[in-house]
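Trainee: Whenever a hint applies, use it, and build me the whole structure from the sequences.
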Amino acid sequence: MIEFEKFELENGLRVIFHQDVTTPIAVVNIIYDVGARDEDPNRTGFAHLFEHLMFGGSKNIPNYDSPLQLAGGECNAFTNNDITNYYDTLPVQNLETAMWLESDRMLELAFTPKSLEVQRNVVIEEFKQRYLNQPYGDVWLELRPLIYKEHPYNWATIGKNIDHIANATMEEVKDFFYTHYGPQNAVLVVGGNTTREEVEELAKKWFGPIPKRDKQERNISPEPKQLEERRKKIEREVPANAMYLAFRMGSRLTEDHYLGDLCSDILAGGKSSRMYHELVVKSRLFSNISAYITGGWEDGLFVVSGQLSEGVSFEEGEKAVWKQLKNMANEEIAQRELQKVKNKFKTSKVFSEQSLMSRVLKIAMFELMGKLGQINDELSNYDTINGSQIQEFASRTFIKENSNLLLIQRKNG
Amino acid sequence: MDRVKGPEFKQAESISLSFPKQIKLNNDVDLYYLDEVKDDSVKLEFSWTAGTKYAKDKLIASFTNKLLFSGTADRTAREISEEVDFYGGYLQKNIDKDHAGFTIYCLNENVSTIFKIVSKVLANCTFPVEELDKERTIALEQFKIDSEKVKNLCRRRFNAGLFGEESAYGRIVENADFEEVSKSNVEAFYKDFYQNNRPTIFLCGKVDDSFIEDLREWSSQFSSGEKANTVSLDEQQTGEFHSEQEGAIQSAIRIGCRMFDKKHPDYFGFQLLNTVLGGYFGSRLMANIREDKGYTYGIGSSLAVMEDAAYFFIATEVGSEVREAAINEVFKELQKLQDEAIPEDELNRVKNYMFGEFLRQSDGSLAMMECFKNIYFNQLQESYYSDFFKALHKFTAADLQQLAQKYFQKNKMIVMSVG
Numbered sequence: 000m001i002e003f004e005k006f007e008l009e010n011g012l013r014v015i016f017h018q019d020v021t022t023p024i025a026v027v028n029i030i031y032d033v034g035a036r037d038e039d040p041n042r043t044g045f046a047h048l049f050e051h052l053m054f055g056g057s058k059n060i061p062n063y064d065s066p067l068q069l070a071g072g073e074c075n076a077f078t079n080n081d082i083t084n085y086y087d088t089l090p091v092q093n094l095e096t097a098m099w100l101e102s103d104r105m106l107e108l109a110f111t112p113k114s115l116e117v118q119r120n121v122v123i124e125e126f127k128q129r130y131l132n133q134p135y136g137d138v139w140l141e142l143r144p145l146i147y148k149e150h151p152y153n154w155a156t157i158g159k160n161i162d163h164i165a166n167a168t169m170e171e172v173k174d175f176f177y178t179h180y181g182p183q184n185a186v187l188v189v190g191g192n193t194t195r196e197e198v199e200e201l202a203k204k205w206f207g208p209i210p211k212r213d214k215q216e217r218n219i220s221p222e223p224k225q226l227e228e229r230r231k232k233i234e235r236e237v238p239a240n241a242m243y244l245a246f247r248m249g250s251r252l253t254e255d256h257y258l259g260d261l262c263s264d265i266l267a268g269g270k271s272s273r274m275y276h277e278l279v280v281k282s283r284l285f286s287n288i289s290a291y292i293t294g295g296w297e298d299g300l301f302v303v304s305g306q307l308s309e310g311v312s313f314e315e316g317e318k319a320v321w322k323q324l325k326n327m328a329n330e331e332i333a334q335r336e337l338q339k340v341k342n343k344f345k346t347s348k349v350f351s352e353q354s355l356m357s358r359v360l361k362i363a364m365f366e367l368m369g370k371l372g373q374i375n376d377e378l379s380n381y382d383t384i385n386g387s388q389i390q391e392f393a394s395r396t397f398i399k400e401n402s403n404l405l406l407i408q409r410k411n412g
Numbered sequence: 000m001d002r003v004k005g006p007e008f009k010q011a012e013s014i015s016l017s018f019p020k021q022i023k024l025n026n027d028v029d030l031y032y033l034d035e036v037k038d039d040s041v042k043l044e045f046s047w048t049a050g051t052k053y054a055k056d057k058l059i060a061s062f063t064n065k066l067l068f069s070g071t072a073d074r075t076a077r078e079i080s081e082e083v084d085f086y087g088g089y090l091q092k093n094i095d096k097d098h099a100g101f102t103i104y105c106l107n108e109n110v111s112t113i114f115k116i117v118s119k120v121l122a123n124c125t126f127p128v129e130e131l132d133k134e135r136t137i138a139l140e141q142f143k144i145d146s147e148k149v150k151n152l153c154r155r156r157f158n159a160g161l162f163g164e165e166s167a168y169g170r171i172v173e174n175a176d177f178e179e180v181s182k183s184n185v186e187a188f189y190k191d192f193y194q195n196n197r198p199t200i201f202l203c204g205k206v207d208d209s210f211i212e213d214l215r216e217w218s219s220q221f222s223s224g225e226k227a228n229t230v231s232l233d234e235q236q237t238g239e240f241h242s243e244q245e246g247a248i249q250s251a252i253r254i255g256c257r258m259f260d261k262k263h264p265d266y267f268g269f270q271l272l273n274t275v276l277g278g279y280f281g282s283r284l285m286a287n288i289r290e291d292k293g294y295t296y297g298i299g300s301s302l303a304v305m306e307d308a309a310y311f312f313i314a315t316e317v318g319s320e321v322r323e324a325a326i327n328e329v330f331k332e333l334q335k336l337q338d339e340a341i342p343e344d345e346l347n348r349v350k351n352y353m354f355g356e357f358l359r360q361s362d363g364s365l366a367m368m369e370c371f372k373n374i375y376f377n378q379l380q381e382s383y384y385s386d387f388f389k390a391l392h393k394f395t396a397a398d399l400q401q402l403a404q405k406y407f408q409k410n411k412m413i414v415m416s417v418g
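So the sequences go chain by chain: A and B. Under numbering that gives the first Met the number 0, residues 0 to 412 are what the first sequence spells out, in order. Under numbering that gives the first Met the number 0, residues 0 to 418 are what the second sequence spells out, in order.
Please keep in mind that the hints were generated in silico from the structure rather than gathered at the bench. Ideal placement from N, C-alpha and C gives every residue a C-beta, glycine not left out. Careful: at least some of the hints might be erroneous.
[Stated by the list, open to error] Lysine-lysine pairs mimicking DSSO-like chemistry, simulated, CA-CA at most 30 angstroms apart:
1) K92/B with K341/A
2) K119/B with K57/B
3) K204/A with K119/B
4) K119/B with K270/A
5) K325/A with K133/B
6) K345/A with K372/B
7) K331/B with K405/B
8) K411/B with K261/B
[To be verified] The following label-pair restraints were derived from C-beta to C-beta distances:
9) K348/A with D34/B: 43 to 51 angstroms
10) E199/A with P342/B: 35 to 43 angstroms
11) K348/A with D73/B: 51 to 59 angstroms
Mentor: Listed below in structure tokens is the structure:
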């Protein structure tokens with residue numbers, strides 16, 4: 000059970016306090032309601048570039064990290080297609096240091112040309128390291144545009160094209176900041192061995208004076224229903240042929256999320272799963288196989304991916320995967336098999352809520368999704384699902400007209 | 000309110016660690032049990048002296064570990080996994096150069112049931128050939144993927160340069176080695192290093208007394224003592240080595256040398272020096288090579304300690320066109336720490352960061368168990384962490400400059416790059 004207290008400052012900043020008296024560490028987490036989905040199609044990768052710039056100094060503080068480290072703290076951040084999240088962990092007696100630092104960069108960034116120039120290069124190296132210089136690293140750069148034609152999920156967080164980052168100007172950076180990084184667009188969550196009174200006092204002191212900025216209405220055109228099968232084959236220098244099969248499904252905010260999650264576990268969650276047994280152990284068509292959901296807030300994907308064993312054709316692999324997907328829809332799911340994936344979820348939930356950091360992050364995410372009141376309902380959301388609901392999910396999701404297949408052919412030589 | 004100066008802060012003064020209690024089971028098997036756990040989670044870890052260094056042939060130790068639950072006369076690997084999964088258990092196998100074993104993650108209501116399943120399978124494992132072949136295929140495919148990454152190639156060659164290709168710490172696995180793994184080798188290794196060898200057990204969670212008795216009964220089967228095996232080491236190579244990798248757009252770089260272990264009198268000071276150099280986000284290496292030059296997404300340095308050897312290393316991946324420049328900058332930073340005293344404010348910052356890091360790394364029962372394992376495996380004093388804390392306060396910039404002069408000498412380093 001995750002407990003919390005919530006209040007709002009006059010400038011629109013939402014503040015949530017989560018108490019944990021058992022740890023010497025406090026967590027300060029700020030989630031901003033901006034992700035790659037909010038980017039201009041001609042300026043992609045900006046939300047993520049911006050995450051880097053947020054460490055390049057703010058109005059009154061030339062360097063973000065040094066004062067935090069001096070107070071024994073550490074910080075990091077991540078960006079995805081939906082949100083950008085920043086967090087600091089530090090000894091609880093120094094909580095105020097993190098409030099000071101986070102508030103100053105919400106107030107105004109330093110916008111130094113040097114910071115922009117360097118972070119552009121760092122992001123370009125990150126692009127190379129994570130997406131280009133790894134086998135299968137560019138899969139999502141290929142898959143997204145295959146699946147999304149209208150919606151900004153069309154591009155990955157790193158951006159469509161390195162040039163968008165290379166050409167970013169200071170004017171654009173400033174504009175992005177004032178549009179998305181105001182108090183009305185953020186949620187502050189503080190966790191640790193402190194009190195609501197202290198958190199409220201510190202939040203008012205440091206964040207209260209930040210002027211309210213206009214709330215930008217999001218106006219994203221939804222991706223139309225997919226009506227035809229899509230396929231693409233690419234050649235890459237990879238050790239084995241691989242296939243990625245993605246189906247559109249409901250978003251993180253819909254019941255599909257829970258159905259898809261359990262369904263993916265039944266299919267490929269661990270060594271007792273169906274696909275592992277049938278495709279890796281028995282027929283040995285694949286050397287590995289996985290199934291997972293992406294959990295996007297606007298639209299979801301169910302993905303099956305695997306590497307084909309030497310000498311196995313794409314046709315054979317594809318056929319075998321489809322057979323498992325069709326079985327999911329057509330055959331009754333044994334009670335024990337369903338209970339198994341629910342029991343595993345229960346264990347992993349207990350472990351995932353052990354750290355204060357992950358509880359705080361979860362609170363921030365649920366608030367931004369507009370589901371904070373339901374944060375403790377997750378277990379029952381899974382528990383109440385029955386086998387026929389999963390079959391129904393499978394039968395409407397796993398159809399050719401809703402499928403996107405990316406084949407990666409090994410380049411010879 | 001002063002937005003420029005910021006609020007007052009206090010550094011952490013001490014850490015409070017709860018260590019597990021030691022319970023002697025049968026045949027001198029030790030159980031370390033920490034029950035200060037707030038929820039229903041249980042982490043149960045079994046560790047044997049069965050790491051890769053104990054196998055004469057490459058891959059035997061790791062395949063034995065992979066196949067511990069691959070089947071018995073009356074149960075297949077799938078049935079075993081299914082049962083563990085059904086009770087909400089996660090079974091993870093662990094292996095490094097020195098130790099090997101497995102860990103069960105579950106809820107306390109199921110720990111006894113899961114342990115019964117797992118222990119029975121472990122005692123009766125038949126290592127079926129088809130499971131061995133399957134694991135061979137999977138592991139080889141994964142190995143091929145890993146071998147496409149310059150950072151892995153660089154790490155392998157770096158270790159070979161540090162310890163020698165004949166050494167169990169430096170030997171390089173090749174694709175062909177996977178074919179050599181046989182059922183009989185795996186069975187023999189299992190017998191010597193799991194069955195006839197005492198495990199150490201680490202248990203984190205609230206369990207019933209009867210479960211401790213289950214473990215006690217189980218421990219009776221392990222007859223003989225621990226295996227001793229000191230790894231042979233060649234002399235470390237020095238100088239620069241580069242291997243061209245066609246098509247790579249980044250180069251992986253490793254620079255380092257052999258170093259002392261955690262019991263050495265210079266260890267605490269060297270850890271502080273290492274943190275200044277490359278042990279945290281604001282380090283000299285990050286500030287110069289990432290934040291100032293933009294050559295890389297990340298660069299860091301660290302001290303790795305194994306049972307029979309230890310080494311210091313700096314690792315990064317940079318744009319191939321700036322490889323030489325990046326290596327030069329690394330050596331400039333090493334030289335600077337020898338030539339100039341670390342400014343007082345920087346030294347303070349790093350010390351305070353490390354005090355905070357101690358708190359983070361000992362936060363919660365799982366983390367405290369990890370701290371204890373560090374003491375246990377490295378045979379350190381129980382006061383290790385408080386000693387470290389106290390020692391940090393005392394170091395001066397002059398002390399660190401001396402350490403840098405002693406340990407950061409360029410002619411003692413090996414520089415390996417691939418890309």
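Trainee: Is the straight-line distance between the alpha-carbon of K411/B and that of K261/B 30 angstroms or less?
Mentor: Holds - the C-alpha atoms of K261/B and K411/B are around 20 angstroms apart, at most 30 angstroms.
Trainee: Could you check the hint for me, namely that E199/A and P342/B are 35 to 43 angstroms apart, CB to CB?
Mentor: 38 angstroms, holds
Trainee: Against the range 43 to 51 angstroms, how does the distance between the Cβ atoms of K348/A and D34/B compare: consistent or not?
Mentor: 21 angstroms, violated
Trainee: Holds or violated: are the alpha carbons of K331/B and K405/B at most 30 angstroms from each other?
Mentor: The given pair, whose Cα atoms are some 16 angstroms apart, holds under the 30 angstroms limit.
Trainee: Does the alpha-carbon distance linking K325/A and K133/B stay inside the 30 angstroms limit?
Mentor: 26 angstroms, holds
Trainee: Take a look at whether the Cβ-Cβ distance between K348/A and D73/B falls inside 51 to 59 angstroms.
Mentor: 33 angstroms, violated
Trainee: Below or equal to 30 angstroms on CA atoms is what counts here, so check K204/A against K119/B.
Mentor: 61 angstroms, violated
Trainee: Given the hint that K119/B pairs with K57/B, test it: the Cα-Cα distance must not exceed 30 angstroms.
Mentor: 28 angstroms, holds
Trainee: K345/A and K372/B were given as a pair; does the straight-line alpha-carbon distance stay at or below 30 angstroms?
Mentor: 28 angstroms, holds
Trainee: Do the alpha carbons of K92/B and K341/A lie within 30 angstroms of each other, as the hint requires?
Mentor: Distance ~23 angstroms between K92/B and K341/A Cα, so the pair holds.
Trainee: Quick one, are K119/B and K270/A close enough, alpha carbons at most 30 angstroms?
Mentor: Distance ~19 angstroms between K119/B and K270/A Cα, so the pair holds.
The structure fails hints 3, 9 and 11 (numbered hints given earlier, in ascending order).
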